[in-house]
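Below are the chains, spelled out letter by letter.
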Amino acid sequence: MSLIKVVMAKMGFDAHYRGAMMVARHLVQRGMEVVYIGNRLPEEIVRTVIDEDAQVLGLSSLSGNHMVMVPRILALLRQEGVERVKVLLGGVIPTEDQKELLSQGVSAVFGTGSSLDAIADWIEAAVDHGSDAVRA
Amino acid sequence: MPIEASDALGSGIRQDYRTTSGIPVKAVYTPDDVGDFDPTRDLGGPGEPPYTRGVHRDMYRGRLWTIRQLAGFGTPEETNGRFRLLLDQGATGINCVFDFVTNRGFSSDHPLAEGDVGQGGVAIDCLDDMRRLFDGIPIDDVSVSLVLSNPVGAGSIFAAYLAMAQERGIPWEKLRGTLQNDFLMETVVLTAPNILEPAFSFRLSVDVVEFCTQHLPQWNPISFAGYNYRESGANAVQEAALVIAHALAVADEMVRRGHPIDSFAPRLSSFFTADNDLFEEVAKYRAARRVYYRLFQERFHPKDPRSSRLRFHVQTSGSALTAQQPLNNVSRAAYHALAAVLGGAQSLHVSAYDEALCLPSEAAALTALRTQQVLVHETGVTRTADPLAGSYYVEHLTSEMEQRIVAYLEEIDGLGGLVRAVESGWVHRELMGTSYDREIAITSGEQKVVGVNCFTDDVPVQIELFRFPSALEQQRATLGKLRSERDQDAVSRALESLRQAVEGDGNTMPHLIGAVKAGASIGECCDVFRALHGGWHQPLL
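Residue numbers (the numbering used here), protein chains in the order written: chain A, 17 to 152; chain B, 111 to 651.
Think of the hints as simulated: they come from the structure by calculation, not from any bench. Wrong hints could be hidden among the right ones.
[Unchecked claim] With the Cβ distance kept under 7 Å, some of the chain B side facing chain A (calculated, not the full set):
#1 Phe210
#2 Val211
#3 Leu222
#4 Glu224
#5 Gly225
#6 Leu300
#7 Ala302
#8 Ser342
#9 Ala433
#10 Gln434
#11 Leu467
#12 Tyr546
#13 Thr553
#14 Val562
#15 Leu575
Keep in mind the model is a prediction, meaning the values are calculated, not measured. Note that beta-carbon positions come from the ideal geometry of N, C-alpha and C, so glycine has one too.
Please work from the sequences and hints to get the whole structure.
Structure representation (C-alpha cells):
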C-alpha cells in the first residue's frame, strides 16, 4: 500500500517553523508520510519532491518571502514536468497574494488559524493516491 | 454557564475550568485556598524580597514602564523613519527588529536570502548600515533594544552598534539598552540554514555578557526570550521555567569564568509574553519573580539586592492574534497589555492588529502605541503597586505556578542543565508537544477562538495591508561598495584573529569589533563561527 507522501519546506530564511511542524505532525497522525527538509532553495525543494516522488509539496511562509520564492518553485515544477504535484501554501499570506499565487498554480492556501483537519481533509480529497492505499 | 464548584477538583474536569497551562480552577476562592500563605515570606513589599509584588518600591508612580514598540523593516533609512515617528508620537524607547538574514548573520546577497531581505525586520550588513539606521537618534539618551535573537549574529551586529557609537563620540558607559542574544532562539525556537551547535551558541552569548560587564555597565547584554519560547509552543509554566533555567545557566557560566555574581547579575534581563489567560499571566510574572529571587539567593548568595531581581519586558502575544476579523485583535492586545501591567512589567510592546496578515502598517503600529497610552492615562492602573495582591485566586494561582515552575526546573537540572536539555532535543519535544495539544484543542473547537472557530463570518478582511519596496537592491549595492573600498588584507587579518579567538577560549567580542571596523560584513564574521561550529541538526520531527 502507498501512503500519501508530503514534502514540507521552509523557504529562504523564514525562521518560523511551528506551523509547519504542527501540520507535519498532524498529517502523520492522519496516516501520511511527511518529509520535512527545513530552509531550502527552490531548486533543492523541487529536487526533493522529485527524488521522494511526493504527491504534495507543503510550503510555509510567515516572513513575507512568498511572492519571491513560490513563483520560482512553481516554475521549476513545471520545468521539471512535475506540475501534477499539489502545492499547499501556509502562513501569513495576504488575500491578494493568495489570489495571485493560486492563479499561478498553487493548489490551496491555508492561512494562520486554519484547522489542521481541514488541511488533512483537503489533501486526502485532492490526491489521487491509487486504489491500493489503505488508511485508518 | 453553570457554576459547579465540584467540577474544579479531581480529574476529568472541563477544559475551560483549567488555566491554559492546566491548573484546575475552582468556581470561587476563599481564605482556605491560600492556607499556608505567609504575606511576609511570600510577598514582602514592592521592591522588597522576594519581589513577588514588583521590583520597585513605588512601581509605576516612580517610573512608568517603557513604551517600546517594535519597529524594523526594509532598509536602514526606512526603519530610521519609523523610529522617528514612534518617538515623535510618545514612545519612550526603541525596539529594533532585524530581518532573519541579518539576525542569522548572513549577508543580504546570500542566495537563500532573496525573498527575505528587509522582510520582518531591517536589513543590516555592515557598519555603514548601522550609521544610517541610527542617524539622528539620540542613543545616548533613549534606551535601545536590539532584537538580535541569535548569538551567531548578535555579537557582530552589536559590534557595529558599538563602533557607530564610538564614531559619534558617545562613550559605551552611557549606552542603555538590551540585546536578546538567546541561544534557545537560535537552536530551539526558530529555524535556519546551518545552525550553530547549542554549546557554542551559548558560549557566544556569554561572551557578550562578559564584554558588557566590563565595558557597558548600563546595558542588558542578554534577554531570556520567554516570549518566543511561548510563541513556539511553551505554556506559561514552561515559559517562566525556561527563562529562569536560562538565567541560572548564564550565571553559572559567568561565575565559572571568574566573575563575581554581583558584577553581572543585575544586568540580566528577561522577556515574557502576555497571552489570553489574564489571571494566569499575572500569576506567572509574580511567581517568576519569586522563584528567580529564591534560586539566585540560594545558589549564588549575592550581596547586591539587584542581582536576584527579575526585570522584564513584555510583548503582547502575536500568536493569539487572528487573521480573521482582525480588528478583534485590538481588544485582545489591550487585555494582554493589562495583564503585563498588573504583573509589574518594566517595558511593554503591544502587538499590532494586522500582525496575522502582514507587517504592521503605520496605522496599526500607532493604534498599538495608543493602546498603551490609554492604559497609562485613562484606566488608572498605574496608581498603586501590584493591585491584585491578596486576591485569594491570584495568590493561589501564583503559588501553584511557583510550584510547577520549580518542578520543571528540577527536571531540567536532572537532564544536566539547559544546554544539555537542548542538545538532546528534550526542549524541542516539550514545546512541540504542548503546541500540538493546543492546536488540536482549537481544531476540535474545544478551545474557542472568536472569529476562527466561533462567531465566524464571511465578511472579507478589509484592512489596508502594509507594503514596502524590497531592500535587496540597496543592500547588494552597499555590500558591493564595502567590498570594493575596504583594505582586504586588514579584513582578512581581522577575520583570522576572530578565528583564533574561537579556536582558543578568548572572548570573541573585541575581535568582532575589530573585524567590523576593518570593513568585514556581518555575514563574513558569522561565517567564521559557522565554519568551526555550524551544521547542527535541529531535532524537530
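Hints versus structure:
1. Because the smallest distance between the Cβ of Phe210 (chain B) and any Cβ of chain A comes to about 4 Å, under 7 Å, the interface hint for this residue holds.
2. Residue-level restraint check for Val211 (chain B) holds (minimum Cβ-Cβ distance to chain A is 5 Å; threshold 7 Å).
3. With its C-beta approaching chain A no nearer than about 5 Å, Leu222 (chain B) sits inside the 7 Å limit, and its interface hint holds.
4. With a least beta-carbon distance of about 6 Å to chain A, the hint placing Glu224 (chain B) at the interface is held under the 7 Å criterion.
5. For Gly225 (chain B), the interface hint holds, the least distance from its beta-carbon to any beta-carbon of chain A being 3 Å, beneath 7 Å.
6. Contact between Leu300 (chain B) and chain A, as hinted, is supported at the beta carbon level, the nearest pair being about 4 Å apart and thus within 7 Å.
7. This hint holds: Ala302 (chain B) has a C-beta 6 Å from the nearest C-beta of chain A, less than the 7 Å allowed.
8. At about 5 Å, the closest approach between the beta carbon of Ser342 (chain B) and any beta carbon in chain A falls short of 7 Å, and the interface hint on this residue holds.
9. Given hint, Ala433 (chain B) at the interface with chain A, holds; its Cβ is 5 Å from that chain's nearest Cβ, closer than 7 Å.
10. Interface restraint check: Gln434 (chain B) against chain A, minimum CB-CB distance 6 Å, threshold 7 Å, status holds.
11. Proximity of Leu467 (chain B) to chain A holds as hinted, the smallest CB-CB distance being about 6 Å (cut-off 7 Å).
12. The criterion of a C-beta within 7 Å of any C-beta in chain A is met by Tyr546 (chain B), whose closest approach is roughly 5 Å, and the hint holds.
13. Satisfaction of the interface hint for Thr553 (chain B) is found here, the shortest Cβ-Cβ separation to chain A being roughly 5 Å, below the 7 Å cut-off.
14. Interface restraint check for Val562 (chain B): the shortest CB-CB distance to chain A comes to about 5 Å, inside 7 Å, so the restraint holds.
15. Interface hint status for Leu575 (chain B): upheld, as the beta-carbon distance to the closest one in chain A is roughly 5 Å, under 7 Å.
The structure is consistent with each of the numbered hints, conforming to all of them.
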